[in-house]
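Start from the sequences and build out the full structure, keeping to the hints where you can.
These protein sequences, in sequence, are chains A and B.
Residues 1 to 430 in my numbering are what the first sequence spells out, letter by letter.
Residues 1001 to 1472 in my numbering are what the second sequence spells out, letter by letter.
Any given hint could turn out to be false.
[What the hints assert, rightly or not] Each pair of labels, with its calculated beta carbon distance range:
| id | chain 1 | residue 1 | chain 2 | residue 2 | range |
| --- | --- | --- | --- | --- | --- |
| 1 | B | Ser1272 | A | Arg106 | 28 to 36 Å |
| 2 | B | Leu1023 | A | Ala416 | 50 to 58 Å |
| 3 | B | Asp1081 | A | Glu239 | 36 to 44 Å |
| 4 | B | Asn1042 | A | Ala77 | 18 to 26 Å |
| 5 | B | Asp1369 | A | Leu15 | 52 to 60 Å |
| 6 | A | Ala14 | B | Arg1144 | 51 to 59 Å |
| 7 | B | Ala1189 | A | Leu15 | 36 to 44 Å |
| 8 | B | Phe1244 | A | Ser31 | 25 to 33 Å |
| 9 | B | Ala1189 | A | Ala370 | 38 to 46 Å |
| 10 | A | Gln89 | B | Phe1244 | 51 to 59 Å |
| 11 | A | Ser235 | B | Thr1464 | 57 to 65 Å |
| 12 | A | Arg273 | B | Asp1369 | 37 to 45 Å |
| 13 | B | Asp1081 | A | Arg159 | 39 to 47 Å |
The set of hints was computed from the structure by calculation and includes no laboratory data.
Note that this is a predicted model, so its numbers are computed, not measured.
Built from N, CA and C at the ideal position, the CB exists for glycine as well.
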Amino acid sequence: MTGPPPVRVEKALALLPELEALDPLRALLVSIARPDAHALWSSSGPYLTLGKRGVQPDELRRRMPQAFHRITGHLQALYREYVDALECQQAADPAGVVGALLRGGRLEERVARFTQARAWYAVALAVAEALQDRRPEVETLRAIGYVCMALGQYAEAARHFQRSLALAEAEFDQGGATGACEGLADAALAQGQWSGAHAWYSRGLRLAEAADDAVRAGRLQCQLGVVARHQGDLSAAGEFLREARERLESAGVADEMARVLNEQGRLDAQLGRHDAASAAYREALAWAQRTPGDAGDELSIRLNLAELDLDAGRLVEAEAELRRAEQVAIGGDLMLRLAQVYVLMGRLRGAQEDETGFVFFEQAIELATALDRSAATRAHVFFEYGLFRNRLGQRDEARAYLEQARELFASLGETAERERADAELRALTA
Amino acid sequence: MTPPTKTQNSPTSAVPRREDEGLLRILVVPGEGAGSATLLQNLRQWAEDGRLRLETAPDLPRAVRQLAASTWDVVLAVLGDRPDEDLSWWVDTLRAAAGGPRLIAAAQAPSMGLVLRAEQSGVLDVLSLPVRRDELMQALGRLRAVASEAAIPLPVVEPEVVGPYALVGQSPAMLDVYKQLARVAGSAATVLVQGESGTGKEVVARAIHMHGPKAAGGFVAVNCAAIPENLLESELFGHEKGAFTGAVTRKIGRFEQAASGTLFLDEIADMSLALQAKILRAVQEREIERVGGTGTIPVDVRLIAATNRDLKEAIKQGRFREDLYYRLAVITIRLPKLADRGDDLLLLTAYFVQVYAERYRKTIHAVSDRALDLLRGHAWVGNVRELRNVIERAVIVASDDTLRAEYLPDELRGEAAALADRPQGAPLTLAEMEARHIARVLAQTGGQIGAAAEILGIHRNTLTRKMKEYGL
Chain A
1 MTGPPPVRVE
11 KALALLPELE
21 ALDPLRALLV
31 SIARPDAHAL
41 WSSSGPYLTL
51 GKRGVQPDEL
61 RRRMPQAFHR
71 ITGHLQALYR
81 EYVDALECQQ
91 AADPAGVVGA
101 LLRGGRLEER
111 VARFTQARAW
121 YAVALAVAEA
131 LQDRRPEVET
141 LRAIGYVCMA
151 LGQYAEAARH
161 FQRSLALAEA
171 EFDQGGATGA
181 CEGLADAALA
191 QGQWSGAHAW
201 YSRGLRLAEA
211 ADDAVRAGRL
221 QCQLGVVARH
231 QGDLSAAGEF
241 LREARERLES
251 AGVADEMARV
261 LNEQGRLDAQ
271 LGRHDAASAA
281 YREALAWAQR
291 TPGDAGDELS
301 IRLNLAELDL
311 DAGRLVEAEA
321 ELRRAEQVAI
331 GGDLMLRLAQ
341 VYVLMGRLRG
351 AQEDETGFVF
361 FEQAIELATA
371 LDRSAATRAH
381 VFFEYGLFRN
391 RLGQRDEARA
401 YLEQARELFA
411 SLGETAERER
421 ADAELRALTA
Chain B
1001 MTPPTKTQNS
1011 PTSAVPRRED
1021 EGLLRILVVP
1031 GEGAGSATLL
1041 QNLRQWAEDG
1051 RLRLETAPDL
1061 PRAVRQLAAS
1071 TWDVVLAVLG
1081 DRPDEDLSWW
1091 VDTLRAAAGG
1101 PRLIAAAQAP
1111 SMGLVLRAEQ
1121 SGVLDVLSLP
1131 VRRDELMQAL
1141 GRLRAVASEA
1151 AIPLPVVEPE
1161 VVGPYALVGQ
1171 SPAMLDVYKQ
1181 LARVAGSAAT
1191 VLVQGESGTG
1201 KEVVARAIHM
1211 HGPKAAGGFV
1221 AVNCAAIPEN
1231 LLESELFGHE
1241 KGAFTGAVTR
1251 KIGRFEQAAS
1261 GTLFLDEIAD
1271 MSLALQAKIL
1281 RAVQEREIER
1291 VGGTGTIPVD
1301 VRLIAATNRD
1311 LKEAIKQGRF
1321 REDLYYRLAV
1331 ITIRLPKLAD
1341 RGDDLLLLTA
1351 YFVQVYAERY
1361 RKTIHAVSDR
1371 ALDLLRGHAW
1381 VGNVRELRNV
1391 IERAVIVASD
1401 DTLRAEYLPD
1411 ELRGEAAALA
1421 DRPQGAPLTL
1431 AEMEARHIAR
1441 VLAQTGGQIG
1451 AAAEILGIHR
1461 NTLTRKMKEY
1471 GL
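The structure is reproduced here in structure tokens:
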């Protein structure tokens, strides 16, 4: 009555050429993969990763229309934006042309096609540069900045934000200037340049407050809280987050509330207030529930919750939360973030001194290499893998992974992370 | 066995608190629908004569704050336009709430699928909107009934310690295993341990090692199914530096690590045919070759293999080498399922309570009659491993000296709700019975339609149609 056993995802993916046109098929395959019923309670169950899940070819065939629907939906939306751009061109509305092209790029970004998004923005920029009104150019430069960040090109991103800011200031475009400051701050934050990030967020906040933009002001305060936490000024961080929370709650912005509470949880965790951190994360999850369609926030919160449990030695709870996070990542098509889930699962096994935990790092490396176009994820995986090996007393392997991590952090300009890798390497040699 | 004795309720448990004389604290989250004002009005009216204390929260985020601020017996939540999604958020939220409040969900015309999912998640009840007084009181009555759980003292277990594990059990099936163990331990023969997942194959392998001639050497375990196929060879045989990308240093494999000791190959059926050939060579020649190495290395290990699969069937399907099977199965030990071990369930429960109570610094001396019924009634697909996990989680959440039903996972409580919590005089319809059974089998197979269809004895297309029909 039953057919042949399911094909393991690791084997299924090995048969799928690395072609962009097949990305939706890859995403569908992963999303329908299920753990083998035998494996759930077997001794290999705790080590189950994406690669060990199984997929039934006939189910994939039956679900293919879903993938086609998504592809055609995406293409239709893109084509419509292009036709909109043409109509604006015909109506001698170049700002409209830029707007339509930017919307096309954003559609590409939403499905993580960053290189394609950049191509749309490049065309938009060429049109915007010829305009007397510089605001479309300000917006386009900011969009390019963020796509560069997504690709891990932080210096390039900062250059575009800087140009966007200069133009916005010259045009007295307060909204544009605020956005550019935020972009510059985000780029600095990603590279661990805390004081630079603080300066840019503060400047953006002043502009947002002057413009009475409560949501943006709340968001910038939240980010200032992030920076203050990184700088070790925890009371300032708490104050920024309190103010951000007040602003955002009265504005009723669910996704921003989820983010600020997530950050509040991290702060409480750093202060050793585990119960408060857990409560903040739980409330963050409740806000995230109100923004369906974007599983990214939920995943971040669940990872933080798991890390909290892990640090408190509540390993059973940590594992359960990580399995939920894994399901969110798989169901929400967040493959790039799945590597983060597996890194934490590996860390959990490390805490139990379980050597077989290396399988999670190997899976994370595979995901980061196959799916992630930026080197940032790989760098973090190597770093944590190095710590795992060191914990098990495998010093040579630990050193090799930490060196790879340091090299990648250095190439990305992630100063703080590179310094962490350096410190671990020094400790290893001492 | 000592007769059951009544125990005190936990001060933080979801059962009614004595100090409030049976007063139930209910947090109502009426949602934003048109009927929310009427619902609140009705509830306030019913609360006066129903020993209920009500508070309200406008939405999930605010409810989370109230749940963190104090303890509640029940949360009555109205599900929105996406009832399935809303339900899973509520279940997830309450899982983490202090005092373990129970959920009553209310929805517009709830589907059978929603009701079943709710039952499986341990939801106290799903009510149809508009909420009727008698239905709500019936659900709350079930919660009040929980207060009458009786405590049964747990026996003191003195296990046969086997490294980090222990052998526990006195059932005839286990006595057979002990006899086989005694017979094989003295020799250095290769042993194949067979049994379903979670029956304790590694524990038995360790026991053989500890009582065997190679006890002075190490016991090295490799889980063949856990390690990706492309890494398993180097894990077993080791590799030389630079043998492949990622081989940053020389690695000593598990065969060498187990020198003069025992190598335990768990889930051996999951190994590829190519690797099976290499294992066969290692067993026959007693030597191995590191990946990227040039010479052979002699190895002196006792091999114990284990599997939860039918290896003879795998041989027929061409998935397992027959010659390797006969090399491994010099002596075969078959382990019984937990369901076939009778009262070992109580001994194992007592043992795991002992272990985890010590680990999590708790004092637990008894199990409630209802909890024991739930444990006895469960299918235990994952055998002892599943029981161990259930008890560990229960001990973590326990807040008094008795292991109560409310500390057991939602799935176990849900199974009981589907059967026992049905109000008297309201038998299930045939369709309800069928839907419940299908849902249970699907849960057992982890949602795998093919496997579920096989258990149910119907074609997968029929099962798919029925799942659609019942909203599963």
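Cross-check of the supplied hints:
1. A hinted range of 28 to 36 Å is violated for the C-beta pair Ser1272 (chain B) and Arg106 (chain A), which are about 45 Å apart.
2. Under the hint 50 to 58 Å, the C-beta atoms of Leu1023 (chain B) and Ala416 (chain A), about 54 Å apart, fit the expected range.
3. Distance hint check: the CB atoms of Asp1081 (chain B) and Glu239 (chain A) are about 38 Å apart, consistent with the given range 36 to 44 Å.
4. Range check, Asn1042 (chain B) to Ala77 (chain A): Cβ separation about 46 Å, and the 18 to 26 Å hint is violated.
5. Range check, Asp1369 (chain B) to Leu15 (chain A): about 54 Å between beta-carbon atoms, so the 52 to 60 Å window is met.
6. Separation of Ala14 (chain A) from Arg1144 (chain B) is about 57 Å and conforms to the stated range, judged on CB atoms against 51 to 59 Å.
7. Range check, Ala1189 (chain B) to Leu15 (chain A): about 41 Å between beta-carbon atoms, so the 36 to 44 Å window is met.
8. Separation of Phe1244 (chain B) from Ser31 (chain A) is about 31 Å and conforms to the stated range, judged on CB atoms against 25 to 33 Å.
9. Take Ala1189 (chain B) and Ala370 (chain A): their Cβ atoms lie about 44 Å apart, and the range 38 to 46 Å holds.
10. For the pair Gln89 (chain A) and Phe1244 (chain B), the supplied restraint of 51 to 59 Å holds, since their beta-carbon distance comes to about 55 Å.
11. Roughly 58 Å separates the CB atoms of Ser235 (chain A) and Thr1464 (chain B), a value that falls within the hinted 57 to 65 Å.
12. The given range of 37 to 45 Å is respected by Arg273 (chain A) and Asp1369 (chain B), whose C-beta atoms sit roughly 40 Å from each other.
13. Distance hint check for Asp1081 (chain B) and Arg159 (chain A): the Cβ-Cβ separation is about 45 Å, which falls inside the suggested range of 39 to 47 Å.
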